[in-house]
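Based on the provided sequences and hints, a complete structural model is requested.
Number of protein chains: 2
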Amino acid sequence: MKQKVHRLDPFFRPQSIALFGSMQEGWFFGAAVIISDLMKWNYTGKIYPVHPTARTVYGIPVFQDLAQVKDVPELAVIVTSFRHAPGILEQCGAKGIRAAVIVSDGFGEAGPEGKIRQEELLRIAKAHGIRVMGPNTVGVFNSESRFTTVPYDRGYEYAKQGKLSIITQTGMYSPQAMAWHEYEAGINKVIDLGNMSDVDETDCLEYLSRDDSTDVISLYMEHSRRPRVFLDALKKASLRKPVLCLLPGGSPGAAQAMASHTGSMAGNAELYQAALRQGGALRVEEYEDLRDCATPFLRYPLPQGNRLGIITFSGAIGIQAIDAAEACGLSLGKLSSESRRELSAVSGTLGGHPIDVGPASATAGAGIFDLYQKCFDILAADENIDCIYLNTYVFNGLKPAYYEDLLGRIGSCRGKPVVSWCYGPSQQLVCEFGKLAERHGIPFYLNSRKAVRSLSYMARYAHWKAVASGKPLRRPSVHPAG
Amino acid sequence: MKQKVHRLDPFFRPQSIALFGSMQEGWFFGAAVIISDLMKWNYTGKIYPVHPTARTVYGIPVFQDLAQVKDVPELAVIVTSFRHAPGILEQCGAKGIRAAVIVSDGFGEAGPEGKIRQEELLRIAKAHGIRVMGPNTVGVFNSESRFTTVPYDRGYEYAKQGKLSIITQTGMYSPQAMAWHEYEAGINKVIDLGNMSDVDETDCLEYLSRDDSTDVISLYMEHSRRPRVFLDALKKASLRKPVLCLLPGGSPGAAQAMASHTGSMAGNAELYQAALRQGGALRVEEYEDLRDCATPFLRYPLPQGNRLGIITFSGAIGIQAIDAAEACGLSLGKLSSESRRELSAVSGTLGGHPIDVGPASATAGAGIFDLYQKCFDILAADENIDCIYLNTYVFNGLKPAYYEDLLGRIGSCRGKPVVSWCYGPSQQLVCEFGKLAERHGIPFYLNSRKAVRSLSYMARYAHWKAVASGKPLRRPSVHPAG
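Respectively, the protein sequence lines represent chains A and B. Under the working numbering, the first residue of the first sequence carries the number 1, and numbering increases by one thereafter. Under the working numbering, the first residue of the second sequence carries the number 1001, and numbering increases by one thereafter.
Bear in mind the hints are in silico, worked out from the structure with no lab data behind them. From the three backbone atoms N, C-alpha and C, an ideal C-beta is built for every residue, glycine too. One or more of the hints may lead you astray.
[To be verified] Here are a few chain B residues that face chain A, going by a calculated C-beta distance under 7 Å:
| hint | residue |
| --- | --- |
| 1 | M1172 |
| 2 | I1322 |
| 3 | E1326 |
| 4 | N1447 |
[Unchecked claim] In silico BS3-like pairs for lysine-lysine, Cα to Cα no more than 27 Å straight-line:
| hint | chain 1 | residue 1 | chain 2 | residue 2 |
| --- | --- | --- | --- | --- |
| 5 | A | K435 | B | K1399 |
| 6 | A | K399 | B | K1160 |
| 7 | B | K1374 | B | K1435 |
As structure tokens, this is what we get:
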């Protein structure tokens, strides 16, 4: 399904690209890294490397001057010293290029002289009608169109194509800073805005909200140049798909540091928070959340309420999970009397909630997987339960692989969101279990608290969307904490 | 240094032990597991296995009846069905044994009939003056005296001897539930109280507070049978060493679940919270904190205040670290003018706080370690900084091993608490860095937030202790959040 051409399309799926910067092969940074990646990704567009002295790069001829290129490339990527960037941008404009990713640093982030240089860049861009991403950025990593401008050797291949897209005002989420290949659910696009001199978070939010290959948008945002337009774009985007947002600088010290380090507006934390809430953004707590809390959205339909079901191997974990749940707006579901009856029929030690399989498992032996399965089926069928937290235990005598069938069956049950955590006397076995769960589509977390909290974003979003769109949930529930 | 004999000593360093239960070799649970472990640990006391039909276990002769044992064992460990436990306890009493770990379940935790059985046990214990740990417990794991009553095959050897001791009202922290061997700082004792029919958290807190081999006490506590005595013991213990506490059940749902699952008193969460605060306990957030937040206490002296120093590879992480710091009662330290001067002399892009080495590192090349070292030395010497958060970056071109010298030098600097986190495009490299940091004595965390939060407990404890003992800190600071 070919999408209509959007004015930002040249940044995400250009038919041709001109690259300016080091063409040194095998080095960890530079224009050559991008070229190598594009070739590995079988990029179908045309690649025009431009460099005054290089002759070829990875078998492709290098142009000594942009003027030698007959085509008008759709996108320019400038990976040179800041000294050369304005001249190159000028040439791009003259050539008719209308989009540029400026990787070069030494601009707005580098003090008063840098700010002046950045203004000069913008003047050139405006004169030629060029949209600019950056400077001081790695640009775009787009697994959907197999296109990238990231000039760093990531150190890993990236083959999969997921549905999570990220907009970020820091390089921290870019492919050379995060192990995206280890993220089982897969990413779609990562957009690093850099100094955000032109293309900003609002442009990209609007773009991604219409992007059919993006199901969830995550946003790391320190500030907005145009908060009102942003709020409007956020609302529209949130009605279409969930927008997770990490907004640092809520504390006075951080706001001050942001102002002095990146020029972000300080002291507006409360205003931003109000705007984000109003716009339906789901504010996450920390760095990893922009990835980890997106996962359940990518894998499950929205829950119909905030009533949590818990299956645990340890009573204590059940209790800790309830604390975690209530702290983030979920509540422990009250099992139907039928569910309680069915549970009691499975084992005399069952029937309560959280469902603590520990005591029953002591006598179940190899029947433990059947025990888990029955408990899960009961929660999955119970109308009073909207989402499920599953806790397990592994050790040498109960290896992760033994859970394979169970996880396959639970993973194939797609009606309600399920998340998991596992513990045991070997971190290696716990990791193995986590990978197995993820392979079967069940989000796995580092602890109960993170697992349960990730479900709370789904409940919160379902509630917000129902209210905002005037389409109430089938089973209205208590308003989750905002 | 031999400690005075304490009435609980038989539980922690008995001269002789009688074991009741399965003597089946090679099985993952039973009395034989304990015997095997004691032998591997070169336990120097006498081991008396008691079983009606077994002849030997791991080369040791088995007694058919306790009456055949000539000695009076200091401790009995009962790992049988609940049906046999009362009879065995009766025999122990008759023999003159005055301490028993009752592993058997099916008592207080198992409904009304179980409660009656537990009362019967207690009646026997009282009649003979036997102190009981449990039932429904794994008892004691004591690396200091190389003694254990844990009847589960842990699946790993445990050789080291640390200074962290844990008291728990759930088996979740026991050696078969946690990978204690992967905890670099090392544990001293784990005490699982089980149903806590007799020996309770107050007994053990009092014991550990006088235990020279314990430097930090962690406590997982759902309830206390005698809160006033507990508060008194807590205060005394806190004046000697930090007491970390996880108190679940703060939410109404969890309190209710606790009451129905374990008989803990519901609805007292606020009272407990007040008592813990008053008693100087450091309330942690989640499961892993009882271990991870203990680490800096084990490795560093207490900070003189709450002023945090930050060295980061990414400006965004610096900002997120400040948010995390201010949320938990730390504040970003104001660098002295000398520090700022020295930083500017290192690089034109330095001088502010957080210290963002990112821009300078871009041109530093292999000099990046020297850059880190200089920034660290400046923070370590600055009188306005009480503790330090260190963030680094690893990828294929900047492998963890390259940091070895730097981590060695930073790790040898013991004046102020230092914690660390690292990021990069490979989780494996990040883990390697973490292990390296830990080996050099620098606590490593899963993210900035956890790293910074762990420092906050040190600042909070230093403050509490200074106030409670009337010995003010050298550099009084803002009162950290309680």
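Hint check results:
no.	hint	in the structure
1	M1172	holds (5 Å)
2	I1322	holds (4 Å)
3	E1326	holds (3 Å)
4	N1447	holds (6 Å)
5	A:K435 <-> B:K1399	holds (25 Å)
6	A:K399 <-> B:K1160	holds (26 Å)
7	B:K1374 <-> B:K1435	holds (23 Å)
In terms of the numbered hints stated before, the structure departs from none.
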